[in-house]
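Listed in order, the protein sequences are those of chains P and G. So the first sequence is numbered by my numbering: it starts at 1 and just counts up by one. So the second sequence is numbered by my numbering: it starts at 116 and just counts up by one.
Hints listed in this document are in silico derivations from the structure and should not be mistaken for laboratory results. Just so you know, these numbers come straight off a predicted model, no measurement behind them. If a hint is listed, it holds; no wrong ones were tucked in.
In silico SDA-like cross-links for lysine to any residue, where the CA-CA straight-line distance does not exceed 20 Å: (1) G:K153 with P:T5; (2) P:K1 with G:F162; (3) G:K118 with G:I221; (4) P:K57 with G:F222; (5) G:K153 with P:P39; (6) G:K153 with G:I175; (7) G:K153 with P:R111; (8) G:K118 with G:T217.
Label-pair ranges, simulated between beta-carbon atoms: (9) P:K1 with G:V200: 21 to 31 Å; (10) G:V129 with P:E82: 37 to 47 Å; (11) G:F169 with P:Q54: 27 to 37 Å.
A virtual CB, placed ideally from N, CA and C, is assigned to each residue, including glycine.
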Amino acid sequence: KAGVTQTPRYLIKTRGQQVTLSCSPISGHRSVSWYQQTPGQGLQFLFEYFSETQRNKGNFPGRFSGRQFSNSRSEMNVSTLELGDSALYLCASSLLTSGGQDTQYFGPGTRLTVL
Amino acid sequence: AQKVTQAQTEISVVEKEDVTLDCVYETRDTTYYLFWYKQPPSGELVFLIRRNSFDEQNEISGRYSWNFQKSTSSFNFTITASQVVDSAVYFCALRLGGGGATNKLIFGTGTLLAVQP
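Construct the entire structure; sequences and hints are all you get.
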């Protein structure tokens, strides 16, 4: 079974631009979560989607948004980029079985550099 | 508040040494899940193990073993006879349970393990 895929793998943008990152979950997985990883803040939860609905959101400004499509693929968007948005953005997928005994599997990440 | 603490920032060992990575967590929830992930230089987080709060049975899998103790809120990870390929950053993470309301993981700051040949 193919793992979680993320595109693009690397991205360079300038301040003020916007960016869209894509994530395709493992086949059959319906939940997708996004995380930001920076040297200063570590791994931080951005948001989580299930069945095209945002179920949970981390403490990030409104410039960070996401969505999920009917095939469970997800995109996240960052508008008006700032230097501090430079990070590795990781996507994770899970089955979301009942009872909460779920494991998230991560993709390779998209490394975003903002100049 | 929920929190995961990995006090060891960096550990350096010589190949074949045993090494234990510490993880202490904080939560008032009675149902929760603990995870260990490995992040090699490529960046992808690789799942290693999940433990449920109601299952304190410790586990050994090959060279890996895990020690979960609710009394001390610890979930430590040991690599026996370390190898160079074990060099990576290791993250401990907590997820709250209770009906499966969220998949949000709360991560520790990670421990960089360097195994020297």
